[in-house]
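S.K.: For the record, the sequence lines run as chains A and B. Position 89 of the first sequence, counted from 1, bears residue number 89 in the working numbering, the numbering being contiguous throughout. Position 135 of the second sequence, counted from 1, bears residue number 135 in the working numbering, the numbering being contiguous throughout.
Derived by calculation from the structure, the hints in this document are not laboratory data. Ideal Cβ placement from N, Cα and C applies to all residues, glycine included. Some hints here could point you the wrong way.
[As the list claims (entries may be wrong)] Here are some chain A residues pointing at chain B (derived, C-beta under 7 Å):
id: 1; residue: 55
id: 2; residue: 56
id: 3; residue: 97
id: 4; residue: 102
id: 5; residue: 159
id: 6; residue: 164
id: 7; residue: 168
id: 8; residue: 178
id: 9; residue: 180
id: 10; residue: 188
id: 11; residue: 201
[Claimed, not checked] Below, a list of computed lysine-lysine pairs in the BS3-like style, where the Cα atoms sit at most 30 Å apart:
id: 12; chain 1: B; residue 1: 199; chain 2: A; residue 2: 128
id: 13; chain 1: A; residue 1: 139; chain 2: A; residue 2: 39
id: 14; chain 1: B; residue 1: 60; chain 2: A; residue 2: 199
id: 15; chain 1: B; residue 1: 139; chain 2: B; residue 2: 229
id: 16; chain 1: B; residue 1: 39; chain 2: B; residue 2: 60
id: 17; chain 1: A; residue 1: 28; chain 2: B; residue 2: 139
id: 18; chain 1: A; residue 1: 199; chain 2: B; residue 2: 139
id: 19; chain 1: A; residue 1: 39; chain 2: B; residue 2: 199
id: 20; chain 1: A; residue 1: 256; chain 2: A; residue 2: 210
id: 21; chain 1: B; residue 1: 199; chain 2: A; residue 2: 199
id: 22; chain 1: A; residue 1: 128; chain 2: A; residue 2: 210
id: 23; chain 1: A; residue 1: 128; chain 2: B; residue 2: 139
id: 24; chain 1: A; residue 1: 128; chain 2: A; residue 2: 39
id: 25; chain 1: A; residue 1: 139; chain 2: B; residue 2: 28
id: 26; chain 1: B; residue 1: 210; chain 2: B; residue 2: 128
id: 27; chain 1: B; residue 1: 199; chain 2: A; residue 2: 28
id: 28; chain 1: A; residue 1: 55; chain 2: A; residue 2: 256
id: 29; chain 1: A; residue 1: 199; chain 2: A; residue 2: 28
id: 30; chain 1: A; residue 1: 199; chain 2: B; residue 2: 39
There are 2 protein chains.
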Amino acid sequence: MDKLPVNHMQLDRLVLDWMAEVRTYILKEIQRPIIVNTKSNMRDLVTNLDQNVEKIYIEKIKQYDPNAQILSEEGFGDEITDLTGPVWIIDPIDGTMNFIKQRDEYASMLAYFYDGQAQGAWIMDVVKNEIVHGGPFQKVWLNQNLMEPPVERSLEQSLLSFSGIHLLYDHFQYQTMARAALGYRVYGSAGISFIRLLKGQLGGFTSVLKPWDFAAGLILCQALGLQVKTLDGQTVNVLSSNVILAAQSLVATDIKMLTNTSSNL
Amino acid sequence: MDKLPVNHMQLDRLVLDWMAEVRTYILKEIQRPIIVNTKSNMRDLVTNLDQNVEKIYIEKIKQYDPNAQILSEEGFGDEITDLTGPVWIIDPIDGTMNFIKQRDEYASMLAYFYDGQAQGAWIMDVVKNEIVHGGPFQKVWLNQNLMEPPVERSLEQSLLSFSGIHLLYDHFQYQTMARAALGYRVYGSAGISFIRLLKGQLGGFTSVLKPWDFAAGLILCQALGLQVKTLDGQTVNVLSSNVILAAQSLVATDIKMLTNTSSNL
């Protein structure tokens, strides 16, 4: 049956093993002092653990498939210009500020494409030990439980999750959306927001995201029937930064009508 | 030694038993359909479970002390005009929107005063099964573990938690505070925010709160050396609605300087 270059269920179990190992590593190392460095600005942080976890994943991926191209947040992967062949996208620790300040509500994410086609994705809430995983061929799972598409609600009956900084400065009409929603949340982690969206706890999530922030969420949301597009309704370019809206389709429609109307005022 | 009208450790253990029973009740009942009604507006909700949990607490308190006065969110308690004698303040389910929409990140809270003096408080994160409890005589505990006062950071090194609606409309200079902080979060529950503040995951939390929203947080924060005042620096009136700032003292000082400066611009 499976003519694709991977056995999806087998690969899924293999990556779940990698993630269990990464989780044990993080929870052990987090007991010791963490070395924090800034990247582009004082709120853009990297720790020695982000870097070490990335190296663990890269080693495992290269062992599994020496030909794989790897796009990764902390720069130990490859320079990637297209999605030909096997491509992995890694976010070792998503929500680094939560990781440093809260030791809670951070995620670890992997996404796998072949010739640009989604093959599998994994988002782990490290502290809760919750992993949403799967893809278009193997369905979507919360740990060992099959997930169902969430019940659709309208925007005014839904909670939205935003990037805090863009909401605060009202970029992309975020404050208009927040006022129209039932309520909104700011969690400080794309991975945590994607998990909540997939579980039906949120109706939508929007933020400016780099490939490693959204790749796994994109695959899992689409496999579960949720919509992931740029905020202006375009197909997401997996290799670049995007203003992403991941949402139930009813919420996405309501947001589109709302922001179009507001633009014309 | 203990000349006060209660043995605090004994009472603490008793109330922990009440909370364990309430937790079991909520997690069982939440499997069934929940009846939701609106109160003052479409975002002010009450469920049959809020009401039932309140009745459970009231029955237990009345059994423990028939003379106790009870101030409670859903109106099954007493009309209270002063803090004479034993007074209990109940929030059966705090974060009702999270409770309804997420089945996660909601709290149950109790606070106990005698002649206006704090005696004990309990905040339970129902899903995580985390209870912060204690008071001025019995120290502050996270489940069975003694809590230490959090390490003090400045505002620009701290995360703040806000009431979403007041941040969105920039009431009380909240957007100015959010811009000056390292980052901010919106969780949709005072109880969950207080727990994170007590654990040192946040530097401060500010919102417009009713007595049942803040009474337990007030007692626990003060017992752990955190500051709880109105946003303009006044002592909190336990029997009325207040704009509350609960924060590490360094963060409170930074916020005071910031908002004073901004007002003079």
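S.K.: Work down the list of hints and note, for each, if the structure agrees.
M.R.: Quick rundown of the hints versus the structure:
The closest approach between the C-beta of residue 55 of chain A and any C-beta of chain B is roughly 27 Å, which is over the 7 Å cut-off, so the hint fails. Residue-level restraint check for residue 56 of chain A is violated (minimum Cβ-Cβ distance to chain B is 26 Å; threshold 7 Å). Checking residue 97 of chain A against chain B: minimum C-beta separation of about 6 Å stays under 7 Å; hint holds. At about 4 Å, the closest approach between the beta carbon of residue 102 of chain A and any beta carbon in chain B falls short of 7 Å, and the interface hint on this residue holds.
Interface hint at residue 159 of chain A: satisfied, since its Cβ lies 5 Å from the closest Cβ of chain B, which is below the 7 Å cut-off. Checking residue 164 of chain A against chain B: minimum C-beta separation of about 5 Å stays under 7 Å; hint holds. Interface restraint check for residue 168 of chain A: the shortest CB-CB distance to chain B comes to about 5 Å, inside 7 Å, so the restraint holds. The beta carbon of residue 178 of chain A is positioned within 7 Å of a beta carbon in chain B (closest approach about 5 Å), and the interface hint is therefore held.
Because the beta carbon of residue 180 of chain A sits about 11 Å from the nearest beta carbon in chain B, more than 7 Å, this interface hint is broken. The closest approach between the C-beta of residue 188 of chain A and any C-beta of chain B is roughly 6 Å, which is under the 7 Å cut-off, so the hint is satisfied. Of the supplied interface hints, the one on residue 201 of chain A holds, with its beta-carbon coming within about 4 Å of a beta-carbon of chain B, less than 7 Å. Annotation: proposed proximity of residue 199 of chain B to residue 128 of chain A holds, straight-line Cα distance about 17 Å (limit 30 Å).
Pair hint residue 139 of chain A plus residue 39 of chain A does not hold up; C-alpha atoms about 37 Å apart against a cutoff of 30 Å. The suggested pairing of residue 60 of chain B with residue 199 of chain A is violated, with an alpha-carbon distance near 36 Å, which exceeds 30 Å. Between residue 139 of chain B and residue 229 of chain B the CA atoms are separated by roughly 20 Å; this keeps the pair inside 30 Å, and the hint holds. Under the criterion of a C-alpha separation no larger than 30 Å, the hint pairing residue 39 of chain B with residue 60 of chain B is consistent with the structure, at around 26 Å.
A hinted pair counts as satisfied when its Cα atoms are at most 30 Å apart, and residue 28 of chain A with residue 139 of chain B qualifies at roughly 29 Å. A distance of roughly 38 Å separates the Cα atoms of residue 199 of chain A and residue 139 of chain B; the hinted pair therefore is violated under the 30 Å criterion. Of the pairs offered as hints, the one joining residue 39 of chain A and residue 199 of chain B holds, with about 27 Å between alpha carbons and a cut-off of 30 Å not exceeded. Restraint check: the Cα-Cα separation between residue 256 of chain A and residue 210 of chain A comes to about 22 Å, which is no more than 30 Å; the hinted pair holds.
Distance hint between residue 199 of chain B and residue 199 of chain A is fulfilled; the C-alpha atoms sit about 27 Å from each other, no more than 30 Å. This hinted pair checks out: residue 128 of chain A and residue 210 of chain A have alpha carbons roughly 24 Å apart, not beyond 30 Å. As the CA atoms of residue 128 of chain A and residue 139 of chain B are separated by approximately 28 Å, the hinted pair is consistent with the 30 Å bound. Taken as a hint, the residue 128 of chain A and residue 39 of chain A pair is honoured in the structure, with Cα atoms around 28 Å apart against an allowance of 30 Å.
For a cut-off of 30 Å, the pair hint linking residue 139 of chain A to residue 28 of chain B stands: about 29 Å separates their Cα positions. Using a Cα cut-off of 30 Å, the hinted pair residue 210 of chain B and residue 128 of chain B holds, with the two alpha carbons roughly 24 Å apart. For the proposed pair residue 199 of chain B and residue 28 of chain A, the alpha carbon gap of about 20 Å is at most 30 Å, so the pair holds. In summary, the hint linking residue 55 of chain A to residue 256 of chain A is not supported, as the alpha carbons are separated by about 40 Å, beyond the 30 Å threshold.
Pair hint residue 199 of chain A plus residue 28 of chain A holds up; C-alpha atoms about 28 Å apart against a cutoff of 30 Å. With a C-alpha separation of about 27 Å, the suggested pairing of residue 199 of chain A with residue 39 of chain B holds against the 30 Å cut-off.
When each numbered hint is compared with the structure, violations occur for hints 1, 2, 9, 13, 14, 18 and 28.
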